[in-house]
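Visitor: With chain D fixed as given, assemble chains H and B onto it according to the hints.
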Amino acid sequence: MDGVMNWLTQDRVGSALVKVLLVGNVAPMLVAFLVWLERRVAAWAQDRMGPNRVGPFGLLQSFADLIKFLLKEDVLPGHVNKAMYLVAPCLAVIPPLVVLALVPFADRFAIADVDTGILAAFAFSGIGVYAIALGGWASNSKYALIGAVRASAQLISYEICLGLAALGVFIVAGTLRLEDVVKMQADGFTIHGETLHGISKFFDWNIVKQPIGAIIFLIAAFAETNRTPFDLPEAESELAAGYHTEFSSMKFALFFLGEYVAIVAMSSLFTTLYLGGWTLFGVENAFEGTTAQTLLQILIFLAKTMCVIFTFIWVRWTVPRFRYDQLMDLGWKRLMPATLAWLAATACVVAFLK
Amino acid sequence: MGVQIAFWLFAILVAGTALYAAVAPKIVHAAFSLMATFFGVAGIYAILGSDFLAVTQVLVYVGGIMVLIVFGVLLTDRVPEEYKVVAPRRWLPALIAGGLCFAAIAGALKSTVWPISSSTPLGDATSTVEGIGRSLLTDYLIPFEFASILLLVVLVGAARLARGQVR
Amino acid sequence: MREPDLNDYLPVLLMLGWGVVFAVGALGASWLLGEKGKKSKYKDRPYECGMPIQSEAHARFGVKFYLVAVLFILFDVEVVFMYPWAVSFGSTTVRGDAPSTALLMWEILAFVVILFLGWAYVIKKGVLEWHKED
Numbered sequence: 001m002d003g004v005m006n007w008l009t010q011d012r013v014g015s016a017l018v019k020v021l022l023v024g025n026v027a028p029m030l031v032a033f034l035v036w037l038e039r040r041v042a043a044w045a046q047d048r049m050g051p052n053r054v055g056p057f058g059l060l061q062s063f064a065d066l067i068k069f070l071l072k073e074d075v076l077p078g079h080v081n082k083a084m085y086l087v088a089p090c091l092a093v094i095p096p097l098v099v100l101a102l103v104p105f106a107d108r109f110a111i112a113d114v115d116t117g118i119l120a121a122f123a124f125s126g127i128g129v130y131a132i133a134l135g136g137w138a139s140n141s142k143y144a145l146i147g148a149v150r151a152s153a154q155l156i157s158y159e160i161c162l163g164l165a166a167l168g169v170f171i172v173a174g175t176l177r178l179e180d181v182v183k184m185q186a187d188g189f190t191i192h193g194e195t196l197h198g199i200s201k202f203f204d205w206n207i208v209k210q211p212i213g214a215i216i217f218l219i220a221a222f223a224e225t226n227r228t229p230f231d232l233p234e235a236e237s238e239l240a241a242g243y244h245t246e247f248s249s250m251k252f253a254l255f256f257l258g259e260y261v262a263i264v265a266m267s268s269l270f271t272t273l274y275l276g277g278w279t280l281f282g283v284e285n286a287f288e289g290t291t292a293q294t295l296l297q298i299l300i301f302l303a304k305t306m307c308v309i310f311t312f313i314w315v316r317w318t319v320p321r322f323r324y325d326q327l328m329d330l331g332w333k334r335l336m337p338a339t340l341a342w343l344a345a346t347a348c349v350v351a352f353l354k
Numbered sequence: 001m002g003v004q005i006a007f008w009l010f011a012i013l014v015a016g017t018a019l020y021a022a023v024a025p026k027i028v029h030a031a032f033s034l035m036a037t038f039f040g041v042a043g044i045y046a047i048l049g050s051d052f053l054a055v056t057q058v059l060v061y062v063g064g065i066m067v068l069i070v071f072g073v074l075l076t077d078r079v080p081e082e083y084k085v086v087a088p089r090r091w092l093p094a095l096i097a098g099g100l101c102f103a104a105i106a107g108a109l110k111s112t113v114w115p116i117s118s119s120t121p122l123g124d125a126t127s128t129v130e131g132i133g134r135s136l137l138t139d140y141l142i143p144f145e146f147a148s149i150l151l152l153v154v155l156v157g158a159a160r161l162a163r164g165q166v167r
Numbered sequence: 001m002r003e004p005d006l007n008d009y010l011p012v013l014l015m016l017g018w019g020v021v022f023a024v025g026a027l028g029a030s031w032l033l034g035e036k037g038k039k040s041k042y043k044d045r046p047y048e049c050g051m052p053i054q055s056e057a058h059a060r061f062g063v064k065f066y067l068v069a070v071l072f073i074l075f076d077v078e079v080v081f082m083y084p085w086a087v088s089f090g091s092t093t094v095r096g097d098a099p100s101t102a103l104l105m106w107e108i109l110a111f112v113v114i115l116f117l118g119w120a121y122v123i124k125k126g127v128l129e130w131h132k133e134d
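The listed protein sequences derive, respectively, from chains D, H and B.
When you line the first sequence up against this note's numbering, it's residues 1 to 354, in that order.
When you line the second sequence up against this note's numbering, it's residues 1 to 167, in that order.
When you line the third sequence up against this note's numbering, it's residues 1 to 134, in that order.
If we strip away everything but chain D, and leave its shape as in the complex, we get (with noise of 0.2 Å):
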């Protein structure tokens, strides 16, 4: 077993192969439980009962959905343009996955750890403006292509917003390799000639050093996945579902899976840039040089993204949906100048007083 964690863990195509269906299998099985924890947390929200039928808890809810999704009816409507109504569906999923596949799980056991490490997850989580853009356009239905157009205005946005924000952690860290910035929150910086220990070691932590970047990187991350309370691309009421309004069966859940893929990544890249990664105050080395301190470290991420994931669904059952004049304001005029002026502040603190 050690030997394997070993293999794993070392940079070889092979070890990268089998690391890749890995994380591109339980992805998906993590979306299938996550469907089923925002249905129950709505229902707890909203004081129902959710669903609770299939399975112990109503667990086994989403492969029962997953099941109807593959027996429904293929539907290739008339008034569509083919090729591309197949190829938006497939866009909707790839690049979330790609960007998974940039995020240190553990102790160098991400799947490709690169020199550019943000800036590559950034550029492959901007392609899926495409998907959505593309299945509006190819629909040729009004709904749909409003949907579209409201929708990849709002992405490309916030896509800034989300850049800016994330520039803070690289002011204070000096390098764009996740795992470098993950240790870097670990390793306990130094106050009046003591090193932090222990449970202060949250103080490294960027969300404490950067709050106000966390913060936005949040708000422009709820914006990205098309959360709400910035749903408006599909917002029921006035689009019947927009960009996704002509697709059925499994290309209507390719869509599905990959809002959910990509907000799995954006909780992954959250906790690896604010919230220390797959560190907890030295207790990720509990097990030295094993195969259980790998597990364990992955664990210690997961929990943490869990976390990250439930703030997700938690505003969503809070909040009420943006207008969408509202929408642009808050992205353009308010989050872009504030951002702008915390890196400013960042950059003076950092200058003068280290």
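Check before you lean on any hint, since a few could be wrong.
Calculated pairs, SDA-like style, for lysine to any residue (alpha carbon to alpha carbon, straight line, at most 20 Å) [as the list claims (entries may be wrong)]:
1) D:Lys-72 with B:Lys-43
2) D:Lys-72 with B:Gly-28
3) H:Lys-26 with B:Arg-60
Footprint (simulated), chain D over chain B, 3 or more residues, beta carbon under 8 Å [to be verified]:
4) 9-16
5) 21-31
6) 35-44
7) 70-80
8) 109-122
A few chain B residues that don't get close to chain H, going by computed Cβ distances all over 12 Å [claimed, not checked]:
9) Glu-48
10) Cys-49
11) Ile-53
12) His-58
13) Val-87
Worth flagging that the hints you see were computed from the coordinates, not collected in a lab.
Remember, it's a predicted structure, so these values are computed and weren't measured experimentally.
The beta-carbon is built from N, C-alpha and C at its ideal position, and this holds for glycine as well.
Guide: Only chains H and B this time, still in chain D's reference frame:
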């Protein structure tokens, strides 16, 4: 050897998709072909060891410039049939003009002496990103600041053009 | 300098490949297993909540959406420029090279202030006023 194979794969991808982008009858197909071209160029940058440039290529071209093109398609009426077809009889002049351009560029490339430096220009930086950042802000500071002025001019221009529509 | 190792990026391509296999596989499975329905003219019409369809779906949209895309590219380029700065700035402070740190800070402040002027102009001209009719 692996690098050679990768180079040829990316080169064929770039050339093929660029050609299809030029002759594709449907604008959306042309746009998507162009997206593949941008990806191929990013791949070639990566082969040359410029990982930052490769990622930037994906970020700015695939994720940015392509958005403009796709928005252009998304926001307009459907293009009437008569504009779609590339008139076949214009193939010959296009081919000749293209060939001449290609010959000129190939000749220039052939006759230029390419000096290859053995030292890396980025000094003791730990990554290409850091090296690029440092040389941008020291040796190439003036062009760097001019880039922001250029962006400012474009911003002002875009705002002026749009105002005509808003009023 | 550490040469960038291209093998680092290979797994990204692998994941890209897996994504394609996964998506195409899912669509293929649904095509194979899915119920084969009858053809119907109603399936070949866009869904508009049951109302009779009045016009083509494709229409002209406000130019503002296009402007958002233009502004996006400009600020995207700005952000891309700022990342190498952040990295070299951060690593200089880690090394404790104080004078060059201050210099680096003023340089980027000049860069950002110039762009901020552009942003202010765009806002003042009302390019991003969404509640006005155009």
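Visitor: Each of the hints needs a verdict: does it hold here or not?
Guide: How the hints compare with the structure:
For the proposed pair D:Lys-72 and B:Lys-43, the alpha carbon gap of about 14 Å is at most 20 Å, so the pair holds. Restraint check for D:Lys-72 and B:Gly-28: satisfied, since their Cα atoms lie roughly 13 Å apart, inside the 20 Å limit. Of the supplied pair hints, the one linking H:Lys-26 and B:Arg-60 holds, its CA atoms being roughly 19 Å apart against a limit of 20 Å. Check on the region 9-16 of chain B: 7 of its residues sit with their Cβ under 8 Å from a Cβ of chain D, so the three-residue criterion for coverage holds.
For the region 21-31 of chain B, the proposed coverage by chain D is satisfied: 8 residues have a C-beta within less than 8 Å of a C-beta in that chain, meeting the threshold of three. Only residues whose beta carbon comes within less than 8 Å of a beta carbon in chain D count, and the region 35-44 of chain B has 5; three or more means the coverage holds. For the region 70-80 of chain B, the stated coverage by chain D holds: 6 residues have a C-beta nearer than 8 Å to a C-beta of that chain, and at least 3 were required. Counting residues of the region 109-122 of chain B whose beta-carbon sits less than 8 Å from any beta-carbon of chain D gives 4, enough to reach three: the coverage restraint holds.
For B:Glu-48, the non-interface assignment is confirmed: its Cβ lies about 18 Å from the closest Cβ of chain H, beyond the 12 Å cut-off. Taking the minimum C-beta to C-beta distance to chain H, about 22 Å, the non-interface status of B:Cys-49 holds against the 12 Å cut. The claim that B:Ile-53 is not at the interface with chain H holds, since no C-beta of that chain comes within 12 Å of its own (minimum 15 Å). Here B:His-58 does not stay apart from chain H, with its beta-carbon only about 5 Å from theirs, under the 12 Å limit.
B:Val-87, annotated as away from the interface, has a beta carbon of chain H within 12 Å; the closest lies near 5 Å.
Comparing the model with each numbered hint stated earlier shows that hints 12, 13 do not hold.
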